[in-house]
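Visitor: Sequence:
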Amino acid sequence: MVEQARKEAEGCYERGELDEAVTKYLHLLDLEPDNPDLLNDVGTVYFALARYRESIDCYRKALRIAPEHRDAVENLKAACRAAGLSWRDVLGKSDETREAACGASVQPAPAGAGDYAARMRDLLDTSRPDEALKLARRWGEAEPDNAEAWDWAAAAAYGAGKSAEAVGYIQQRQALAVGASKRPVLS
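In terms of our numbering, the sequence shown has 37 at position 31, counting the first letter as 1, and numbering is strictly consecutive.
Just so you know, the hints here were simulated from the structure itself, not pulled from any lab data.
In this text, all values refer to a predicted model and were calculated from it rather than measured experimentally.
The calculated DSSO-like cross-link candidates involving lysine-lysine, where the alpha carbons are at most 27 Å apart (straight line), are:
id, residue 1, residue 2
1, K168, K140
2, K13, K168
3, K67, K13
Throw the hints in and build the complete structure from the sequences for me.
Guide: Structure representation (structure tokens):
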């Protein structure tokens with residue numbers, strides 16, 4: 007029953023039925039509240055809905071249960087960037103997951119990525135999401151192995167009202183975090 011419900015939730019997510027996916031995942035969490043993979047999955051759906059604070063809460067809970075949960079670490083970092091927060095501050099000084107998170111990261115942004123990020127931030131801050139999305143697409147093409155590029159592309163796509171495209175960018179970013187796994191977005 008749980009496995010079937012999880013497949014249904016994943017299907018909703020993959021079809022872009024994000025509100026329904028959240029509902030199904032939250033029901034699963036009622037059954038398995040200490041499942042770090044489920045917490046990560048709920049956080050991923052919240053991220054796709056641009057509900058960053060809720061996604062951060064889910065990733066933190068997942069990391070309290072499984073401090074070296076690689077997907078949750080990378081997802082937490084992306085959600086913090088999207089929310090304009092420092093993931094190190096979000097984890098806190100006493101949080102035991104901070105040390106694990108510091109060591110588990112996708113390849114660092116190459117030189118020049120800061121220029122893209124600064125331009126993206128400026129475009130999004132000045133309410134020009136369509137221009138930001140064009141820049142994000144170029145950045146993703148220029149640096150396909152840069153997770154930050156895909157995070158910004160997802161944020162720009164959501165800002166431009168293109169949620170399906172944003173989900174694709176989140177999946178691309180997740181593929182970097184987990185390698186070439188069968189399920190690049192959800193745990």
